[in-house]
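Peer 1: Spelled out, the chains give:
2 protein chains.
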Amino acid sequence: MKEEFSVTPWDIKGDIDYDKLIKKFGVEPLTPSLLKRIEKTVGESHFMLRRGIFFAHRDMEWILDEYGKVKGPQQEKFFLYTGRAPSGPVHIGHLVPWVFTKWLQDKFNAELWFQFPDEEKVLMKQDITFEDTAKYLKENMLDVIALGFNPKKTHFLIDTKHANLMYKEACKVAKKITFSMVKASFGLNEQSNIGSIFYTAMQAVPAFLPSILSKRETPCLIPHAIDQDPHFRLTRDILPKLGHYKPASIQCSFLPPLQGRGKMSSSEGTAIYTTDSPEDVAKKINKYAFSGGKDTLEEHRKKGGNPDIDISFQYLRYLFEPDDKKLEKIYKDYKSGKLLSGDLKKMTIEKINAFLKDHQEKRKHAEQFLNAFILETND
Amino acid sequence: MKEEFSVTPWDIKGDIDYDKLIKKFGVEPLTPSLLKRIEKTVGESHFMLRRGIFFAHRDMEWILDEYGKVKGPQQEKFFLYTGRAPSGPVHIGHLVPWVFTKWLQDKFNAELWFQFPDEEKVLMKQDITFEDTAKYLKENMLDVIALGFNPKKTHFLIDTKHANLMYKEACKVAKKITFSMVKASFGLNEQSNIGSIFYTAMQAVPAFLPSILSKRETPCLIPHAIDQDPHFRLTRDILPKLGHYKPASIQCSFLPPLQGRGKMSSSEGTAIYTTDSPEDVAKKINKYAFSGGKDTLEEHRKKGGNPDIDISFQYLRYLFEPDDKKLEKIYKDYKSGKLLSGDLKKMTIEKINAFLKDHQEKRKHAEQFLNAFILETND
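Sequence order for the protein chains is A and B. For the first sequence, the working numbering assigns the number 22 to the initial residue and increments by one for each residue that follows. For the second sequence, the working numbering assigns the number 22 to the initial residue and increments by one for each residue that follows.
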């Protein structure tokens with residue numbers, strides 16, 4: 022029996038039951054017909070959709086309706102919004118929603134507003150300072166740029182740097198949110214600091230700031246990991262009261278940590294970072310990646326392994342083997358016992374290292390594009 | 022017997038007992054020896070000090086100590102900070118701390134940071150919007166400029182406009198303040214909006230932002246009306262934890278409204294505005310100013326009036342008759358019955374109108390100096 026679990030934007034506990042989470046958060050499952058509609062709209066699907074890595078949404082049908090209303094090469098009827106609270110190095114778990122967001126940007130030719138709430142972790146974690154977040158802000162931006170987002174259509178919004186655009190809008194949101202509302206949504210209490218209480222108002226802002234700046238109401242789609250949903254649930258409640266659309270959203274599950282359950286997290290020292298060397302990766306996978314294999318070679322060959330709980334297989338499924346046929350073959354071979362745990366690990370190490378080699382190369386050249394991505398403050 | 026009273030930054034109830042307030046808020050009374058020291062330091066006194074209109078302080082001795090450490094014509098060892106939350110037109114009650122602040126600036130050759138928290142009233146009052154505060158922001162700035170502050174040494178800080186300088190610093194303050202702390206200080210509760218809960222952190226910022234921008238820790242003196250003390254009490258608790266000085270402060274009582282008790286307030290329609298015509302002023306004083314005179318002319322001549330509760334006399338005392346000897350003569354003549362209520366009102370109307378004529382003339386030309394006063398955002 023699965024133990025009790027809890028998911029908030031700052032803390033994940035226990036074994037996550039995503040079906041229960043859908044009901045608890047009130048999001049909609051991504052149905053086969055909706056997946057088909059997305060595929061029909063842009064001419065292809067994405068492996069994260071087909072594999073249920075993105076598994077839930079709010080108002081995705083509406084986004085496709087709006088998108089369908091405009092025709093032509095400059096077609097853009099909604100913008101994307103996602104983000105990253107800088108407080109440590111980027112690990113491969115962070116890449117899941119971003120890789121999918123890049124696909125959405127490419128396929129829908131959409132503007133992307135990428136928020137870097139550099140105050141969030143300062144407010145939420147006792148030992149994190151603005152010096153820490155300033156350091157990681159830049160490092161994290163380089164990772165995002167390295168993923169290949171379109172510099173002409175991607176706008177980095179840094180909370181403290183762009184507060185002259187954001188704070189006023191956040192106050193409008195904040196006026197509509199009471200303490201008892203955030204208490205329930207985020208597990209805050211009377212001993213919580215007043216910055217952490219206010220913060221969700223800042224996270225709401227990128228969902229409508231582009232409409233304010235362009236003076237044209239534009240729908241917003243937020244691809245994000247499911248733990249951020251409490252913020253956007255609140256945002257959806259408030260924005261219509263301010264004359265804006267409710268943002269749509271699409272949620273992914275968490276890339277598991279090496280040890281095997283929950284969410285990959287820097288703070289637990291079980292992560293593979295984008296800057297890891299091939300040796301780091303090999304060592305981490307070989308030493309720590311939880312295996313779904315049997316205890317002995319004989320038993321494994323006879324009874325087969327369990328890819329569903331095997332972390333190496335999960336990393337291939339989430340990120341590093343986009344080819345469904347190849348992944349299926351690995352799944353079957355591992356399950357049948359034909360593929361051994363050591364071979365699966367070796368294969369995963371190679372795939373991750375090939376990905377990271379390319380990523381690190383692009384990351385090296387990313388700094389020159391920083392200014393193109395950061396929103397000009399005199400906009 | 023005086024009824025119960027309460028004073029918070031957003032609400033004044035009942036008959037204020039300033040002696041009780043000194044104890045309740047924990048401020049220090051301005052003693053004769055401290056007043057003498059101020060006079061000795063700058064070579065003159067100010068009528069608002071002599072008359073007890075400014076009546077309390079925190080750490081004023083320390084400010085004078087710091088000031089005494091530096092010699093020479095460029096002497097400046099502390100800066101001043103005061104403010105105005107725009108939400109309506111400026112009335113003569115607002116002028117009390119500002120007139121004194123100008124005197125402090127002149128006498129101590131001090132920099133002044135003048136905060137316009139244009140979000141405060143939006144967050145605190147249901148029916149006030151940013152459209153309202155934007156309109157009054159400019160109007161209010163013209164009044165401040167018209168009072169003759171030194172444009173080279175005065176810096177207007179507008180919360181939403183300068184949030185790129187302020188929000189990050191406010192977060193540092195906010196991290197040290199819990200909900201239960203602001204609950205007690207400001208009478209907030211679980212139904213309060215999260216912007217109002219956060220707000221006090223923004224009001225703390227000008228007390229140390231100049232030190233951050235100049236990279237030199239500089240003491241701060243805040244002249245303000247006593248109702249703002251809960252903010253600065255919190256500010257004083259927090260700032261040492263961030264490596265800054267506790268700001269010193271000096272508090273004034275409230276100019277009473279025409280009807281006679283509490284605090285002049287636009288929201289009650291009992292105020293004299295800086296833009297009032299001579300006829301407006303005459304009508305308001307004649308019709309509404311609570312009189313300390315007797316019911317009949319005979320009785321007044323015989324028993325005399327009570328200047329202590331007479332609103333016209335109070336306006337002279339607070340603002341419009343800086344000459345102590347003249348004020349004393351009026352006091353005595355009114356008390357003896359020699360001066361009639363009608364004559365006192367007439368005299369007060371003339372004094373207010375002379376002041377406002379000059380103020381309105383300066384206000385007319387103030388707009389050209391706006392940009393010199395507003396802090397450059399790329400500082």
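In case anyone wonders, no lab produced these hints; they're calculated from the structure. Treat the hints with caution; some may be incorrect.
Claimed, not checked - Covered, in the sense of this in silico footprint (three residues per stretch, anywhere, with C-beta under 8 angstroms from a C-beta of chain B), are these stretches of chain A:
| # | segment |
| --- | --- |
| 1 | 116–126 |
| 2 | 142–155 |
| 3 | 178–187 |
Backbone N, C-alpha and C define an ideal beta-carbon position, used for all residues, glycine too.
Peer 1: Does each hint fit the structure? Answer for all of them.
Peer 2: Going through the hints against the structure:
Beta-carbon proximity to chain B at under 8 angstroms applies to 0 residues in the segment 116–126 of chain A; the threshold of 3 is not reached and the given coverage is violated. Requiring three or more residues with a Cβ within less than 8 angstroms of a Cβ of chain B, the coverage given for the segment 142–155 of chain A holds, as 3 such residues are present. Using a Cβ-Cβ cut-off of 8 angstroms, 7 residues of the segment 178–187 of chain A lie near chain B, which meets the minimum of three, so the contact claim holds.
In this structure, the one hint that does not hold is number 1.
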